[in-house]
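2 protein chains.
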Amino acid sequence: MTAEIINIGDELLIGQVINTNGSWMAEQLRLSGIDTQRITIIPDEKESILLSLREAVERSDVIMLTGGLGPTRDDITKDALAGFFNCGMVESNEVLDDIRRLFSQNRWTISALNARQALVPESCIPIRNNNGTAPGMWFEKDGKCIVSMPGVPFEMKPMLTDQVIPMILGKYKTGALIHKTIHTIGVPESKLAEMLESWEDRLPGNMKLAYLPQPGMVRLRLSASGIEREAVEKQIEEQIKLLLGYLPDQIFAYNEDTLPLILGRMLLERKQTVATAESCTGGYLAHLITSVPGSSGYYLGSMVAYSNRVKKNLLGVDGHLLENFGAVSRETVVSMAENARIKFGADFSIATSGIAGPDGGTPDKPVGTTWIAVASDKACVAKHFLFGNHRERNIHKTALFGLNMLRRLLLNI
Amino acid sequence: MTAEIINIGDELLIGQVINTNGSWMAEQLRLSGIDTQRITIIPDEKESILLSLREAVERSDVIMLTGGLGPTRDDITKDALAGFFNCGMVESNEVLDDIRRLFSQNRWTISALNARQALVPESCIPIRNNNGTAPGMWFEKDGKCIVSMPGVPFEMKPMLTDQVIPMILGKYKTGALIHKTIHTIGVPESKLAEMLESWEDRLPGNMKLAYLPQPGMVRLRLSASGIEREAVEKQIEEQIKLLLGYLPDQIFAYNEDTLPLILGRMLLERKQTVATAESCTGGYLAHLITSVPGSSGYYLGSMVAYSNRVKKNLLGVDGHLLENFGAVSRETVVSMAENARIKFGADFSIATSGIAGPDGGTPDKPVGTTWIAVASDKACVAKHFLFGNHRERNIHKTALFGLNMLRRLLLNI
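Going line by line, the protein sequences match chains D and R.
For what it's worth, the numbering used here labels the leading residue of the first sequence as 1, then goes sequentially.
For what it's worth, the numbering used here labels the leading residue of the second sequence as 1, then goes sequentially.
Keep in mind the hints are simulated off the structure, nothing from the lab.
Treat the hints with caution; some may be incorrect.
Remember, identical chains collapse to one label, so a pair may be satisfied in a single copy or spanning two.
Straight-line C-alpha distance at most 25 Å; calculated SDA-like pairs for lysine to any residue [as the list claims (entries may be wrong)]:
#, residue 1, residue 2
1, K365, W108
2, K312, E338
3, K144, P43
4, K144, I227
5, K343, A210
6, K46, H179
7, K180, P43
8, K343, R309
9, K208, E45
10, K141, V292
11, K312, G360
12, K191, R107
13, K208, R128
14, K180, E256
15, K180, I236
16, K191, D75
17, K208, P153
18, K157, Q214
19, K271, I178
20, K46, M207
21, K343, H320
22, K234, D35
23, K383, W108
24, K191, N86
25, K312, S376
26, K171, R128
27, K312, P293
Extracted from the complex, chain D is given alone in its bound form:
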């Protein structure tokens, strides 16, 4: 069984509002085993709505529309639906009661415009709206369902999960479709594809693999379909076990987990703390760590030392090191990490120093040259990277790779 989503609204077509409804609905449907095969955004125009509906019923079993159900003149979805199903409008007493109740609760007066919202196409089953005045509508035709819902997320969301999805599941038998996302770091997409070729070749026919690259990271999404949910889940877990053999160090998280979150969990479990000393990341490393709620449980702080004088005076980096080796060097970044760990009184530290660009590069140290160090009370490891020319990406990658270096260190002690 396949679904299709049609989001109606001019504001979605001029870039003023991002269509978050579409992806949220697709996710809810997927969690119920229903595959969305298309999401379409169209304007508040009767002809566009009719054309999209005609195309959609050719392809899909379930068609969900949102938007265009308000009381004002630009809301024309209801008329379009009456046209599509070639029927008149009737007043629904149930909906009118709901509207009256909502208004009396809020001590508002009902206008003629509001009362008109109780008019629905004759051939639909109205779906009650607990958070607004526009009812949803459920139509059936030739074994297919067409469902229309309000576009306001606050009204649409509970209507979809509490009423519409149960109605669909009652009507159709759905199989299981399960996705698992695997987060990897440090290997580019094409190299990863080579490393995984033989594993990918042997994936069972009901499984699909997708590569989702991000700066410095690649997410792998493994999808599997089948009759029974448990069996499919087991199948996915088996494949992930095999995958771990190919990528023992590169996989750091699954599904919604992030690198700062995973690192935070590791530190909390060990009851240990971390501090940072940042030059080229300029506070972004601290920001990633502190974007995790509860990070004050393991994170002490950062010294963002953007000038050499601050590296010397506040972080205690030896002036001779800075003169002889430069701010972007193994020697300086090691000193930054070691001094930060001691000054903050932390168990671990991460330090960054690099030329983020666009200026500041030299033939010896071009833009993108970066040093990252991670220190514990036992040792300090420093690594050299050569990133690209893009400032924002260089900052982002440096912070991620710094977090990953600490993750790797924690795994090995």
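Put chain R on the given structure of chain D with help from the hints.
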């Protein structure tokens, strides 16, 4: 002339990734006077791509595709396009050179998979990709253009604005449509609308105003259309002069300029420096400042003091202040700002301390309670804010309002 956008990618259909590309592209097209009449998301499937293309060329003059151009097996857009235009594949020397250059810059080795990205359908003009290996492709057929671009925003965005839109405008004639964005801070949308009512009422008929609220800020977009570009531009400037009379302190930038950029320019002109001391913003304030290229010319660094011990030991905040008034108080944030200014040897400083949430609130100081201070050698100004329950927003607003407090201070001395 009308456009249509087709975003290809399974990840967009399972709710894993929100289709921000679609709305961003629609906005860029609109800014160039091109109307988007449909945005469609389809899976990485050849049949879906072909069907969508067939439908789109019936309706629209320009069809833009994104996604499915990577080197891995799930990327099949190129094959589908060769099928649609019924042509074979050829190797583009230009594209191969670009890939070689990118790889040698990064000292990577080119794999067979990478080299395959230089293969393009015979009937297309390849569009060079300055930020990745997958070229864009420009096709023409029966007076219509079909353009295929990578789905990675970092690669697609400059390709669209710098290459594709100029190619479209070269092919079709469009009238002058000019937009100017005015950035305001500190006044909520509804209040702003009240303040601007009489100005808005008197706007000429060819001008349109849109309110684009963001956390803590509202952008106003003024659009004007006409025959001659220069006359329209002059008209917009006249209206902005009037607008400045209504919002003398709230407007801080135009078009692509940001608050950190504007503040950086002011400091560079005065040859003065700033340092920061951050608790609740956790490095985000430093990150905003250092995301501006050249910020090392006026920014010295930040002490991210996430724990009270660090506030005391490294920032020199008096322990009695912390005990008697708490970390989130006027007294503490003033001490943080004053000490940071002196320790870093800066002309100015910004300090933040607040309860970002979700935990840590008390009846006296609920989540969202925030203090921000700005110090110079003459004085220190501290302000209290009560933001909401959303951690990320609280961090973001605190950093922005801190930057704005320094901007206002600089304007008055």
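Tested hints:
Proximity of K365 to W108 under the C-alpha cut-off of 25 Å is restricted to the inter-copy arrangement: shortest distance 18 Å between copies versus 53 Å within a copy. Taking the shortest alpha-carbon separations for K312 and E338, both the intra-copy value of 13 Å and the inter-copy value of 20 Å come in at or below 25 Å. Proximity of K144 and P43 under a CA criterion of 25 Å is satisfied in both settings, with 24 Å inside one chain copy and 21 Å between copies. Taking the shortest Cα distances, K144 and I227 sit within 25 Å of each other inside one copy (22 Å), while across copies they are farther apart (45 Å).
For a Cα distance limit of 25 Å, the shortest separation of K343 from A210 qualifies neither inside one copy, at 45 Å, nor across copies, at 51 Å. In this assembly of identical chains, the alpha carbons of K46 and H179 lie at most 25 Å apart only when taken from different copies (21 Å versus 37 Å within one copy). In the homo-oligomer, the alpha carbons of K180 and P43 lie at most 25 Å apart only across protomers (17 Å), although the nearest pairing inside one protomer, at 34 Å, exceeds that limit. When the C-alpha separation of K343 and R309 is checked against a cutoff of 25 Å, the pair qualifies both within a copy, at 17 Å, and between copies, at 11 Å.
When the C-alpha separation of K208 and E45 is checked against a cutoff of 25 Å, the pair qualifies only between copies, where the shortest distance is 12 Å, while the shortest distance within a copy is 38 Å. In the homo-oligomer, the alpha carbons of K141 and V292 never lie at most 25 Å apart, since the shortest distance is 43 Å inside one protomer and 51 Å across protomers. Taking the closest pair of Cα atoms, K312 and G360 come within 25 Å of each other only inside a single copy of the chain (20 Å); across copies the shortest separation is 35 Å, beyond that limit. Within a single copy, K191 and R107 get their C-alpha atoms only as close as 55 Å, which misses the 25 Å cut-off; across copies the closest is 14 Å, which meets it.
With identical chains, the CA atoms of K208 and R128 are never at most 25 Å apart, being 36 Å at best within one copy and 31 Å at best between copies. Taking the shortest Cα distances, K180 and E256 sit within 25 Å of each other inside one copy (10 Å), while across copies they are farther apart (38 Å). Taking the shortest alpha-carbon separations for K180 and I236, only the intra-copy value of 8 Å comes in at or below 25 Å, while the best inter-copy value is 51 Å. Taking the shortest Cα distances, K191 and D75 sit within 25 Å of each other only across copies (16 Å), while inside one copy they are farther apart (49 Å).
In this homomeric assembly, K208 and P153 come within 25 Å of each other (Cα to Cα) only across copies, at 24 Å, whereas the closest approach inside a single copy is 29 Å. Within a single copy, K157 and Q214 get their C-alpha atoms as close as 21 Å, and across copies as close as 15 Å, so both meet the 25 Å cut-off. For the homomeric pair K271 and I178, neither the shortest alpha-carbon distance inside one copy (35 Å) nor that between copies (57 Å) is at most 25 Å. Taking the shortest alpha-carbon separations for K46 and M207, only the inter-copy value of 18 Å comes in at or below 25 Å, while the best intra-copy value is 40 Å.
With identical chains, the CA atoms of K343 and H320 are at most 25 Å apart both within one copy (20 Å) and between copies (21 Å). Taking identical chains as interchangeable, the C-alpha atoms of K234 and D35 lie at most 25 Å apart only when both belong to the same chain, with a minimum of 20 Å there against 48 Å between chains. Taking the shortest Cα distances, K383 and W108 sit within 25 Å of each other only across copies (17 Å), while inside one copy they are farther apart (51 Å). Within a single copy, K191 and N86 get their C-alpha atoms no closer than 56 Å, and across copies no closer than 32 Å, so neither meets the 25 Å cut-off.
Within a single copy, K312 and S376 get their C-alpha atoms as close as 21 Å, and across copies as close as 23 Å, so both meet the 25 Å cut-off. In this assembly of identical chains, the alpha carbons of K171 and R128 lie at most 25 Å apart only when taken from the same copy (19 Å versus 50 Å across copies). Taking the shortest alpha-carbon separations for K312 and P293, only the inter-copy value of 23 Å comes in at or below 25 Å, while the best intra-copy value is 32 Å.
Hint check: violations occur at hints 5, 10, 13, 19 and 24; the rest are consistent with the structure.
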